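Colleague: Here is how the chains run, residue by residue.
Protein chains: 2
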Amino acid sequence: MGLVVQKYGGTSVADIKKIENVAKKVISTKVEGNEVVVVLSAMAGETDRLIQLAYRAADEPEEREYDALISTGEQISVTLLSIILNKLGYRAKSFLGFQIKILTDQIYQKARIVHIDTDVINQELKKGTIVIVAGFQGVDQENNITTLGRGGSDTSAVALAAALKADVCDIYTDVDGIYTADPNICTKARRLDRISYDEMLEMARTGAKVLQHRSVELAKKFEVPVYVKSSFSYGTGTLVTKEDKEMEKEVICGVTYDRDQAKITVVRVPDRPGIAAQLFTPLADENIVVDMIIQNASIDGYTDLTFTVSRKEIKNAYRLIEQAAKDIGATKVEVDDNVAKVSIIGVGMVSHSGVAAKMFSTLAREGVNILMISTSEIKISCIVQAKYTELAVSALHDAFGLDKTP
Amino acid sequence: MGLVVQKYGGTSVADIKKIENVAKKVISTKVEGNEVVVVLSAMAGETDRLIQLAYRAADEPEEREYDALISTGEQISVTLLSIILNKLGYRAKSFLGFQIKILTDQIYQKARIVHIDTDVINQELKKGTIVIVAGFQGVDQENNITTLGRGGSDTSAVALAAALKADVCDIYTDVDGIYTADPNICTKARRLDRISYDEMLEMARTGAKVLQHRSVELAKKFEVPVYVKSSFSYGTGTLVTKEDKEMEKEVICGVTYDRDQAKITVVRVPDRPGIAAQLFTPLADENIVVDMIIQNASIDGYTDLTFTVSRKEIKNAYRLIEQAAKDIGATKVEVDDNVAKVSIIGVGMVSHSGVAAKMFSTLAREGVNILMISTSEIKISCIVQAKYTELAVSALHDAFGLDKTP
Chain W
1 MGLVVQKYGG
11 TSVADIKKIE
21 NVAKKVISTK
31 VEGNEVVVVL
41 SAMAGETDRL
51 IQLAYRAADE
61 PEEREYDALI
71 STGEQISVTL
81 LSIILNKLGY
91 RAKSFLGFQI
101 KILTDQIYQK
111 ARIVHIDTDV
121 INQELKKGTI
131 VIVAGFQGVD
141 QENNITTLGR
151 GGSDTSAVAL
161 AAALKADVCD
171 IYTDVDGIYT
181 ADPNICTKAR
191 RLDRISYDEM
201 LEMARTGAKV
211 LQHRSVELAK
221 KFEVPVYVKS
231 SFSYGTGTLV
241 TKEDKEMEKE
251 VICGVTYDRD
261 QAKITVVRVP
271 DRPGIAAQLF
281 TPLADENIVV
291 DMIIQNASID
301 GYTDLTFTVS
311 RKEIKNAYRL
321 IEQAAKDIGA
331 TKVEVDDNVA
341 KVSIIGVGMV
351 SHSGVAAKMF
361 STLAREGVNI
371 LMISTSEIKI
381 SCIVQAKYTE
391 LAVSALHDAF
401 GLDKTP
Chain H
407 MGLVVQKYGG
417 TSVADIKKIE
427 NVAKKVISTK
437 VEGNEVVVVL
447 SAMAGETDRL
457 IQLAYRAADE
467 PEEREYDALI
477 STGEQISVTL
487 LSIILNKLGY
497 RAKSFLGFQI
507 KILTDQIYQK
517 ARIVHIDTDV
527 INQELKKGTI
537 VIVAGFQGVD
547 QENNITTLGR
557 GGSDTSAVAL
567 AAALKADVCD
577 IYTDVDGIYT
587 ADPNICTKAR
597 RLDRISYDEM
607 LEMARTGAKV
617 LQHRSVELAK
627 KFEVPVYVKS
637 SFSYGTGTLV
647 TKEDKEMEKE
657 VICGVTYDRD
667 QAKITVVRVP
677 DRPGIAAQLF
687 TPLADENIVV
697 DMIIQNASID
707 GYTDLTFTVS
717 RKEIKNAYRL
727 IEQAAKDIGA
737 TKVEVDDNVA
747 KVSIIGVGMV
757 SHSGVAAKMF
767 STLAREGVNI
777 LMISTSEIKI
787 SCIVQAKYTE
797 LAVSALHDAF
807 GLDKTP
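Chain order of the listed sequences is W and H.
Just so we're aligned, residue 1 is where the first sequence starts under my numbering, counting upward by one.
Just so we're aligned, residue 407 is where the second sequence starts under my numbering, counting upward by one.
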């Protein structure tokens with residue numbers, strides 16, 4: 001008994017039959033005595049169809065119009081679910097960003113939610129209405145429609161849960177929880193019962209695709225308990241929650257990988273102050289995100305500088321860096337887009353020693369050469385050759401005993 | 407030089423190529439020095455796709471949700487046109503019902519526009535923006551999305567023209583104007599240069615499908631000059647305007663037909679006060695619109711009563727009337743759904759005598775039996791057997807010399 005926010009992704013509402021299935025889940029939550037707020041993504045394929053229309057209309061569609069166009073996808077799914085719930089005899093009402101209102105900033109395509117008005121929803125909940133909210137969308141102060149970026153419906157759901165002070169936020173998706181590794185490449189991967197916000201954040205940032213990382217940031221900030229569950233089965237899923245003592249006992253909670261990595265090395269960079277700025281400013285100016293950066297110790301006043309970018313950005317990045325390298329008098333620029341990032345994550349790392357050493361020796365034993373390393377308090381990432389990705393993930397999963405229930 | 411409202415129908419925006427064609431027409435109006443407001447329907451087929459989705463979700467989709475669902479069609483077309491205009495270097499912005507705002511009553515599926523806020527549009531026009539408005543939709547006082555009924559985009563356009571005090575409202579469609587008869591069944595049909603609001607209203611009510619009749623009512627009320635033009639060619643089209651002396655010189659301006667007619671006769675109705683009310687109240691209660699009603703002179707205290715309804719309503723109407731007929735002691739109920747209504751329209755009728763006689767004798771000469779007659783000041787309608795529709799239209803078109811330019 002409480003206030004439950006449930007979010008269903010695109011594959012969960014892909015057709016009328018699947019939406020009827022969602023309706024059943026919603027009703028079962030409602031008849032248990034809960035107040036229910038449902039957040040939906042667009043029907044699978046619909047957003048892609050709309051994006052294609054936009055790009056057939058223009059190579060660079062005007063941003064305001066693009067957002068108003070693709071937001072129709074969620075408008076269709078929420079009204080269909082509401083029609084079905086009403087048919088089944090339940091009072092339900094769909095709401096769009098402007099009707100609630102979900103106020104965002106004006107950064108089209110990746111807007112951030114600034115405020116959610118809870119009056120309309122609370123009034124409807126009091127009447128016993130099942131409230132259905134279009135995910136992914138909001139409006140700015142001038143009533144322009146904005147969208148929150150891919151996976152933005154997760155963020156809509158968590159933000160609504162926070163604003164409504166919901167007891168729980170259920171994210172229904174096509175997997176039944178968060179796994180210790182991607183089950184598609186690691187057969188021994190195990191579903192986690194619980195994971196801390198910080199771990200989930202690192203998992204999302206280093207390649208796990210289940211939750212949009214901004215939704216996790218919000219959940220952490222407002223301490224919203226988030227369950228990741230399957231739309232297609234009944235199970236408890238994985239609870240994303242505050243860190244506790246139990247979690248710290250485990251050294252690591254998961255192994256992730258990210259194949260969308262490319263490595264650029266600038267060879268024999270004159271080691272002068274301001275050189276790094278000269279190299280990276282042109283990339284920043286074109287919004288190219290640089291992930292890992294490594295600078296070797298200087299020899300004879302020269303150093304090598306290596307960094308990674310998204311594989312999609314490699315052409316642009318190479319063009320800019322080649323010019324910058326010439327300008328500062330570096331010898332040459334080398335590119336390797338055949339690399340991947342493999343990471344281990346765990347809050348337990350802080351209190352356990354030898355985690356990094358164990359990771360490196362495990363990879364060495366398998367003959368996997370480490371090209372770059374970067375660490376945070378609860379994460380160690382290594383860049384390796386792409387062909388070793390599966391091997392590295394499985395070996396690390398074994399080495400840290402992730403297949404065994406703690 | 408002035409303020410022009412242009413409306414383009416579904417076939418005019420059926421695909422990206424056609425929308426690019428619309429963009430060209432809009433630009434040519436803009437570069438002539440006009441301020442331009444564009445109203446669009448949904449891409450041809452899109453509204454039907456959405457309606458199908460709704461009816462696959464439920465046999466009787468909840469009305470509020472249905473409107474929010476099908477209004478997405480116009481949201482897609484207006485954003486695509488705006489994307490194309492921006493690509494071509496023109497400042498353009500799309501607006502939905504809630505963004506303007508186009509306030510309607512709360513009668514879903516056939517809402518009436520109550521008020522249009524002109525501030526937002528006027529501000530944008532001042533900046534030189536081409537303003538693109540989603541037709542067919544509005545919002546009620548509680549920000550629920552409403553739709554105006556089939557052809558509602560015409561009404562959106564005329565209402566905007568009235569609110570903005572536009573100099574002209576151009577309705578672009580797949581024909582190049584209003585014809586003296588449907589060119590598909592009458593080869594001699596001629597495009598009219600001008601037609602009065604009242605004539606256009608009667609044409610629309612009696613079967614002409616070019617303009618939604620509510621849009622004509624609005625145009626008449628606010629004296630908005632409306633041009634009906636082709637999207638696919640350049641021509642002056644037909645001007646719908648105030649009646650003038652020239653128009654009165656012509657006896658009639660057009661012949662129309664409506665095949666969506668069914669005739670019901672209640673035989674030997676006891677001729678008592680209140681009988682008609684007893685027969686028609688059940689129909690009114692189920693929102694069945696009765697068009698023509700004829701009651702013969704009473705013989706021996708009994709009379710026959712004949713009326714017409716839309717062919718789609720005939721099953722429902724028969725069921726209700728059969729019961730009512732029993733209740734009042736009528737002998738039997740006869741149904742004929744193989745009829746059509748043929749009408750002649752013209753403001754000149756008022757000042758010319760013998761128009762009705764000429765119509766009846768023309769039909770008689772062709773062997774067309776008249777089953778029912780109804781008249782208004784500027785219209786005469788006859789119900790005939792459906793198989794005579796084309797013959798009757800062509801014969802009347804000839805008899806009144808409509809093929810000849812006045």
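No lab work stands behind these hints, which were simulated from the structure alone.
These numbers come from a predicted model, not from an experiment.
A couple of the hints might just be wrong.
What the hints assert, rightly or not - The calculated lysine to aspartate or glutamate pairs, modelled on EDC-like cross-linking and capped at a C-alpha distance of 20 Å, are:
#1 K626/H with E548/H
#2 K532/H with E142/W
#3 K507/H with D140/W
#4 K87/W with D573/H
#5 K87/W with E548/H
#6 K127/W with E548/H
#7 K507/H with E142/W
#8 K423/H with D140/W
#9 K423/H with E142/W
#10 K17/W with D465/H
Colleague: Now look at each hint and say whether the structure bears it out.
Modeller: Hint check:
no., hint, in the structure
1, K626/H with E548/H, "violated, 30 Å"
2, K532/H with E142/W, "holds, 17 Å"
3, K507/H with D140/W, "holds, 16 Å"
4, K87/W with D573/H, "violated, 47 Å"
5, K87/W with E548/H, "violated, 23 Å"
6, K127/W with E548/H, "holds, 16 Å"
7, K507/H with E142/W, "holds, 12 Å"
8, K423/H with D140/W, "violated, 32 Å"
9, K423/H with E142/W, "violated, 31 Å"
10, K17/W with D465/H, "holds, 15 Å"
Hints 1, 4, 5, 8 and 9 from the list above are not met by this structure, while the remaining hints are.
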